[in-house]
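Chemist: All chains should be modelled from the sequences, with the hints used to inform the complete structure.
Protein sequences, first through last, are from chains E and Z. When you line the first sequence up against the working numbering, it's residues 63 to 346, in that order. When you line the second sequence up against the working numbering, it's residues 338 to 626, in that order.
It is worth saying that the hints were derived from the structure and are not from the lab. Hints are not guaranteed to be accurate.
Partial chain Z-side listing against chain E, Cβ under 7 Å, derived [unchecked claim]: (1) L364; (2) K433; (3) A525.
Note that CB positions come from ideal geometry on N, CA and C, so glycine has one too.
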Amino acid sequence: MIRTLPNSKAYLWGFKSYIILYFSFLFAPLLVTCILAFNDSQFPALPWKGFSLDWFTGSSSERVGIFHDQINLQSIWVSAQVAFFVTILSTAVGTCAAFLFEQENFRFKQALYFLMIAPLVIPGVILGISILVFSTSMGTFFEDSLKLDVGLFGPGFWLVVLGQFSFISTLVTLVVSARLKKFDRTLEEAAMNLGANRFEVIWHITLKFLKPSIISGAAVAFLMSFENFNTTLFLVGSETTLPINLYLQVRDGSTPVINAISFLLIVSTSAVALVNLYFSRRRA
Amino acid sequence: MKASRKHHFQWTLAFFLTPVVLWLFLLIVLPHIDLLFMSFRTKDDSGSMVWSFSNYMLFFKEPIYWLTFVRTVLYSILVTFLTFTIALPVAFYITKVSRPRYQVFLTMLLLLPFWVSELVRVYGWMILLRESGVINHFLMKTGLLDKPIEMLYNDVTMIMGLVYTSMLFMVVPLIGVLENLDDSLIEAAYDLGANMWTILFRIIIPHAVPGIVSGSIVVFMLTLGDYLTPNLMGGKNSLWFTEQIYNQFIASFNWNQGSAFGFLLLALSSLVIWAGLKLTNQKLSKVVK
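Modeler: Spelled out as structure tokens, the structure:
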């Protein structure tokens, strides 16, 4: 059954092959995508025609590698900007929310906590359409009653940022709260007895303690924002983010450029995830 | 002294409360109220907007809509169940059977694909499974097939894709609960002569209920609200309800109808989550941790 009990050979081998199968299932699509990025062929398919970096660095007319592909580079840049703003906003608000729910007491705290959790169980598509509908209503309202034409309310960059922020903040809140729970509040009392006010205590003591979890919350926020599709789909304007742009290309047929982008994404997100994991292990 | 301290506390409360309330009311509460209003508005014969139930009536009148809805729900339940059945042995192996020094490594390996965009993962399956794909290539090379078959664009592939996409959200909570399961319980049961199935159903699963519930809720919700995987891996006939919402919003530009569909989906997912919590006596705030 378990490692401390006698197990039959068949049981252990059966279990081991199951796990190997499971991991092959998990990694097969990613591995194949990466390998085919280097195939010297016009299509992301076998047979293997030799190693080539054309789909990364190529600039000939039939093979435009990712480093020369203006449309895809542009969408990577848009995604990076969106992710940057989402990270800043959701880390700030998520940290406030963690303090609010862990250290403050007020009426309707339970109800507000429930609301804060809600974005996690609302399907992303619904978040997308509700924010789209609401911002359009606001836009019409401002136009009709105040004669103001505010471009911000239409689908576009800032709406994407707000849409992703609406649920990523919940994730940051949960990450930061988990660490704030372990904080020894006698440290705060000690600092207060020594004459610090509440803001000084938070700035010099609590936030120092929270720093690792804030960094890892920010990393989660960045990755989540960079890869978000469902919510973004409804809010995106003319500046498409990378996942939307890739989706449009995959739907209408594909070239190995998509493999090259996928390869870069897999390598860089794994790197961010591993670094994040390394730091979270070290502090544990 | 006491009074001034209390005064400070009020200021910090306001400082923390304001952004959180702004976030939750402007981006969650008000948009959903607006969505609800929108779903009850429709154009009458003269073209002006009036209150009506017609958007909801249309859903029940047109079989294509409610059939897609029922299909989406049933498939989401199936996906949740399959994900659980596949993930439980994996979580059990990692926490209880494998050597402790492999545990961290295996858990890290499990988490890695989760960080990669869903689109990349689905794309990987597409180049594996399609007619000119890698699997067909190998089957032809080994002589198992004479001509390639299309393995994409059917319900089975779509279900597999959905299971794959949501797998990690089940494995992680299961590992969490199984780590806390005391080995000696299993040893005691074993010494008293219980067989594997008894141990599984009387000890492991009852202990794992909180993890099963939180994993299932997340997987169900993600599957129900998924757009990418059904859209790219499902066939012409395997419509997903989110695609109906998308069609109303983007293709037909009928936002009122789309809002009604969206609200139905939201109501259903909330209902299932609520029922799941009630049946197992859990609290949402506990489950999401």
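Chemist: It remains to establish, for every hint, whether it holds in the given structure.
Modeler: Results for each hint:
{"no.": "1", "hint": "L364", "verdict": "holds (4 Å)"}
{"no.": "2", "hint": "K433", "verdict": "holds (4 Å)"}
{"no.": "3", "hint": "A525", "verdict": "violated (11 Å)"}
Checked against the numbered hints given earlier, the structure breaks only hint 3 and satisfies all the rest.
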